[in-house]
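Asks: Line by line, the protein sequences are chains A and P.
Taking full-length UniProt numbering, the leading residue of the first sequence gets 1, the next gets one more, and so forth.
Taking full-length UniProt numbering, the leading residue of the second sequence gets 1, the next gets one more, and so forth.
For the chain P half of the interface with chain A, some residues (derived, Cβ under 8 Å), not all of them: (1) Ser5; (2) Glu34; (3) Lys37; (4) Asp38.
Straight-line distance between alpha carbons at most 25 Å, and here's what the computed DSS-like set of lysine-lysine pairs gives: (5) P/Lys275 / P/Lys100; (6) P/Lys85 / A/Lys101; (7) P/Lys73 / A/Lys15; (8) P/Lys281 / P/Lys248; (9) P/Lys275 / P/Lys228; (10) P/Lys72 / A/Lys15.
Keep in mind the hints are simulated off the structure, nothing from the lab.
Don't be surprised by glycine CBs; every beta carbon is placed ideally from N, CA and C.
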Amino acid sequence: MTEAFPSTLVGPSSKERKYDRQLRLWAASGQKALEESRVLLVNSDGPWGDQSTGVSGVVGVETLKNLVLPGVGGFTIVDPAVVTEPDLGVNFFLEEESLGKSRAEETCRLLRELNPDVEGSFQTQSILELIQQDPEFLPRYKLVLVSGPIKHSSLDALCSAARELNIPVLYTRSVGFYSTFSLQLPATFPIVETHPDPETTQDLRLLNPWPELTEATTRVENLEGLDDHQHGHVPYILLLLHYLDQWKESHGGNVPSNYKEKTEFREMVRSGARTSNPEGGEENYDEAVAAVLKSLNPFSLPSSLREIFEMEECKTPTPKSADFWIIASAVNEFYQQHKMLPLPGSLPDMKAQSADYISLQNIYKSKARRDVEEVTKYVRRVESQLGPRPIDIPDKDIEVFCKNAAHINVIHGRNIPQLNGDAPTLKSLGNNLSIPDSLVTVFIAFQILDGVVTDIQTRGQSGQSLDDEAAWSTQISRAIDEITSDGSQVLDDDCRERILEATQELRRTEGGELHNISSLTGGLVAQEALKVITRQYVPLNNTCVFDGVHSRSEMFKL
Amino acid sequence: MPRDSYLKRSLGTLSRRIRESRVLLVGAGGIGCELLKDLLLSGFGEIHIIDLDTIDLSNLNRQFLFRFEHIKKPKALVAKEVAHKFQPSAKLEAYHANIKDSQFNVVWFSQFDVVFNALDNLDARRHVNKMCLAAEVPLVESGTTGFNGQVQVIKKGETECYDCNPKETPKSFPVCTIRSTPSQPIHCIVWAKSYLFPELFGTSEDNAAELDHSEDSDNSDEIANLYKEAQALKEIRRSMGSPEFAKKVFQKVFKEDIDRLRGMEDMWKSREAPKSLDFQKLQEESASVESTISCNDQKVWSLDEDFVVFKDSLDRLSKRLKTLQDTAKDGVNSILVFDKDDVDTLDFVTASANLRATIFAIEPRSKFDTKRKSPSIHE
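The following block holds chain A by itself, in its conformation from the complex:
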């Protein structure tokens, strides 16, 4: 992950300096993925009736801004709308001269100014026409962003086409003080570099030392014979291993296994510290004592990993399998052999003399290297069994996988959630509705808005618009019927009231966006887009709601 751009004698390149801050977050590998990605933004799907030009698309443009600045490869804006006066009041990427011109063209032009490295293009046709006319259109993109509300038929056609092609979709809506967005990922979406909290990734193997580590412990066998300076500088890892040996001698070869034994063991370690010094103790012993409870847990395969190992993709890789699954099956083989995962090999900082620390570090590093070599051997064997593949899996990828093995993740992507009878969605909605201050009501209100817009756009008689009372009440009843359709849900009055209240906020603003809410939402959406594109960190699964009135957000798996 820390793979760097080729460095030259003159120091960092201007590109590295420009992207310095973000490279610290996703490294050169993430940057490369970003630069190789083209993103499609569907920023509106035509007017809503006679009185509204439709989605103002601020949230879409703000999301793109956050992808253009860090250097996404390119983008295309699909937007049939023409710039109006209210657009100028809410969209930063439009100016006086834009009035009356194509909004796709104007926002594209101003966004491109942000970063000369990024390609931008636009389409003034509707998305449905584009995907129907040109089957080559959609496959060009690594990610699809949609600014809603848009009519069901367009959303459904786009989402199912994207699903066929394994292209992730982010569907966003921002109205008044509320916003929501959902992420549709492919059925299996594996992530290697999940960037877990460094605290949780420590793997010292104190209960399963390998010969070189045991050998290092024997060098401090005679702790009592060390002078004060040496005694205060024995790395705590070696202290723990030393006292574990002592413990095992008096406990029939067993290690401390429960809380009581561990606290006893901790006391045993503590009592070994020399206190006849001005500090009244030794820092390395303090570190050892502090590490007892968290470092002496026997290894067990994380359940998420067990699940991955049991997936068909992992058990029987095919010539068409992604590299991830071939490496995963090799790591599984490693696990079956050793009942352990490959050692990550990193060591925390600790009190020690530098030479001792470095030699301990080398013991961990070389063990990690040997584990990677073994996994690589399995990978190569699987590759040769599968027959010719376009390219061999790079060594670097196997190494990164081994380092992150305990924290890899596979997300089972779901469709953009809608009120269309999908059982898991209904169940999850029901569960969340029973929580009194859940923001799920805001999500339902947005589903109702989608329904109203669909109604206007498809059946739209002239004059019908967003303040049409009848259209809203029809959609509200439809939504409530839908939620209660499987018979397991009974909506009490309070629940209904909360849904109506949330809906009222969307009605009151007639679908209009507030810049600050859309801008913030654009930041959140771009964040998820970056995770999806770089395949680093764990993305949203699958819906987020933001409530600007109470400054709250909530995530749902719908």
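Model the placement of chain P on the given structure of chain A, informed by the hints.
Replies: Then chain P, alone, in the frame of chain A:
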């Protein structure tokens, strides 16, 4: 439909109050650019922007009001100029200045309805916090790092203030703070431990985790100068063991480097300029001081005592390194590493840090204090 239709629908009559308000935005960086845009498009009528920085290449990936052609120009002025085009009806004022300057007093602060902090350092945040409490102006405080961010509303008498909770001191420091503009005892300790000590007895400073070498337009020239200084110190290292060694090191780091820094007038407009030390004078004044003073680790040593301990510990360390080198096998590069339990290294770091503290009018620290502030770092 008029331009502010969406605002009026959401905010109703409140949109007028927003239009009639005057707000202050402190900082035009990552958060500042975004916030300025959001304030403009939320209809705020009068916005004052202040920032003392100029634009650097490494800002362009997020500070979207700035382009390549703006590099080295003042952030506040460019932000105003660029953003104004998108909302010509708003009134904007920009200051290329330090918010801590005395012209921005309590009376000045009290003209604002809200103050927004979009800063990158603890010191300025604390200052604005105090000013807003004194002027009774609500403050919206914000910050980000990596993928995390936070916002806090501070209103006198109603919420806690920025300093109600102690803040963790940062673990790493910008290289220029350590090498050119220290303002706290810890900056001097880190200088002695992570720069001076390794340059004389170890490998280079480049690997020290406590030094952040990020460049921006303000510091790129200074970083080049600092590099030259470090090279010159490496030259002096060659004369280790000679009777002139202590004087050479002293003259270099406590006299010549300081005089060069003092010459950079821009740096000392809002800070006190450093005053270099005179080897000869200290030599004479400290004639009666015994080097055993280094055993007193609770006392804050006087300048003369620091001087004596500096020379004495430098001598002890030089001899140790010499012995190591003489006994080392061929091809092994012998070095000494700072360890707070190693008395020679701790003496050296304490004395050097205190000499530097004197130069920058910073309070010196006892050996005991210095030890407490020095974690063992192996990175």
